[in-house]
Amino acid sequence: MRLKLKKTITAQEADALINKYYDGTTTNTEEERLRRFLRQEGLPSKYRAEQAIFGYFEQQAAGKGRAVRLVTVCRAAAMVAVVTLAGAALYKFAKPDYKAVAYVDGRQITDKKTVKTLAENTLDNVLAADNTIEEQLGQFAEIQF
Amino acid sequence: MSKEIYLKNILPLRSRLLGIARGMLYEEQDAEDAVQEVLLRIWLVSDSLGKYDNPQAVAVAALKNHCLDRLKKVRHEQAMAEDTDIASDSDNPYYALEHKDTEEILTDIIDKLPSLQQMIIKMKDIHNYEVDEIAHITGTTAEAVRMNLSRARRRVREEYLKISER
Chain C
29 MRLKLKKTIT AQEADALINK YYDGTTTNTE EERLRRFLRQ EGLPSKYRAE
79 QAIFGYFEQQ AAGKGRAVRL VTVCRAAAMV AVVTLAGAAL YKFAKPDYKA
129 VAYVDGRQIT DKKTVKTLAE NTLDNVLAAD NTIEEQLGQF AEIQF
Chain W
6 MSKEIYLKNI LPLRSRLLGI ARGMLYEEQD AEDAVQEVLL RIWLVSDSLG
56 KYDNPQAVAV AALKNHCLDR LKKVRHEQAM AEDTDIASDS DNPYYALEHK
106 DTEEILTDII DKLPSLQQMI IKMKDIHNYE VDEIAHITGT TAEAVRMNLS
156 RARRRVREEY LKISER
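These protein sequences, in sequence, are chains C and W.
Letter by letter, the first sequence follows residues 29 to 173 in our numbering.
Letter by letter, the second sequence follows residues 6 to 171 in our numbering.
In short, the hints are calculated from the structure, not lab data.
A portion of the hints provided could be inaccurate.
[To be verified] Label pairs and their calculated CB-CB ranges:
| no. | chain 1 | residue 1 | chain 2 | residue 2 | range |
| --- | --- | --- | --- | --- | --- |
| 1 | W | Lys117 | C | Asn56 | 37 to 43 angstroms |
| 2 | C | Arg76 | W | Lys77 | 36 to 42 angstroms |
| 3 | W | Asp58 | C | Leu71 | 52 to 58 angstroms |
[What the hints assert, rightly or not] From the structure, some residues in chain W lie toward chain C, with a derived Cβ separation under 7 angstroms:
| no. | residue |
| --- | --- |
| 4 | Thr107 |
| 5 | Leu111 |
| 6 | Asn133 |
| 7 | Leu154 |
[What the hints assert, rightly or not] List time: in silico BS3-like cross-link candidates among lysine-lysine, alpha-carbon distance up to 27 angstroms:
| no. | chain 1 | residue 1 | chain 2 | residue 2 |
| --- | --- | --- | --- | --- |
| 8 | C | Lys74 | W | Lys167 |
| 9 | W | Lys117 | C | Lys48 |
| 10 | W | Lys69 | W | Lys13 |
| 11 | W | Lys56 | W | Lys8 |
| 12 | W | Lys127 | C | Lys74 |
Beta carbons: idealized from backbone N, C-alpha and C, even for Gly.
Using the sequences and the accompanying hints, generate a full structural model.
So this is what it looks like as structure tokens:
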């Protein structure tokens, strides 16, 4: 018994599939058959648009996947880092006994109640930044498609 | 789990969303397109639906915002020249030189498709969703999806040939 290897589709079959493709009625399997046909070298120039289009989509499918938009995520992360650093600069443990101290505009503040209020305000800023990141990530998830 | 939330909480809202869209956009086809597009977008971020107490409210808000954006876009387009040709940039002889790269050309063409057509062609041709799946996600018919897909694909080919033949 001889096994027949599946050949690539003929030009006639490809033309029929291309018409179906533009009608929006090809299945994924048929498109894969068409893709294999179009990958061949030396095809007539009438297929150049389809070669370009199919090649483009194949490249996009291989490249994008579920890639996150790194630029904007980094920007959001940088914002949190800036706020956190700014918050950390407001209060600093100057002595080994860890007495709470805050610095505002270069002025040292040691009043416990004031230092506590300043620390709480800083944490609020960090939490607001977290919400911004969440918002932005939500938007990116929406548009990364 | 998140896809279940979509199918259980969001998709059943379809007729209500369509009613809202009709009220804002007036044209039946525009309303249908708006609902399909919003449903597709929500589907794509359905992983995050679990964190909302009221995902239905999110869907309604998303649709209203989308309809407002469409209305703003229509007003803007009416103020600009009509029948803008996607390839009008290619009347500029430098366009052919600037956009020699096939990837750039096709990205540009696809980015300028109407947004629903853009989403559908990408879901089908990049992410390999079947037409029936897209129809199920948007609560519409396979025929409606095929129509948009066909229009998108034909436009891409037409514009690509116009640009590449220069």
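Against the structure, the hints:
1. W/Lys117 <-> C/Asn56: 37 to 43 angstroms: For C/Asn56 against W/Lys117, whose Cβ atoms are near 26 angstroms apart, the range 37 to 43 angstroms is violated.
2. C/Arg76 <-> W/Lys77: 36 to 42 angstroms: holds, 39 angstroms
3. W/Asp58 <-> C/Leu71: 52 to 58 angstroms: holds, 56 angstroms
4. Thr107: It holds, given that the least Cβ distance between W/Thr107 and chain C is near 5 angstroms, below 7 angstroms.
5. Leu111: This hint holds: W/Leu111 lies near chain C, its Cβ roughly 4 angstroms from the closest one there, short of 7 angstroms.
6. Asn133: Since chain C brings a Cβ to about 5 angstroms from W/Asn133, closer than 7 angstroms, the hint holds.
7. Leu154: Interface hint status for W/Leu154: holds (4 angstroms vs cutoff 7 angstroms).
8. C/Lys74 <-> W/Lys167: With a Cα-Cα distance of about 14 angstroms, the restraint between C/Lys74 and W/Lys167 holds, given a limit of 27 angstroms.
9. W/Lys117 <-> C/Lys48: holds, 24 angstroms
10. W/Lys69 <-> W/Lys13: At roughly 21 angstroms apart (the allowed maximum being 27 angstroms), W/Lys13 and W/Lys69 satisfy the hint.
11. W/Lys56 <-> W/Lys8: holds, 13 angstroms
12. W/Lys127 <-> C/Lys74: With Cα atoms ~24 angstroms apart, W/Lys127 and C/Lys74 stay inside 27 angstroms; holds.
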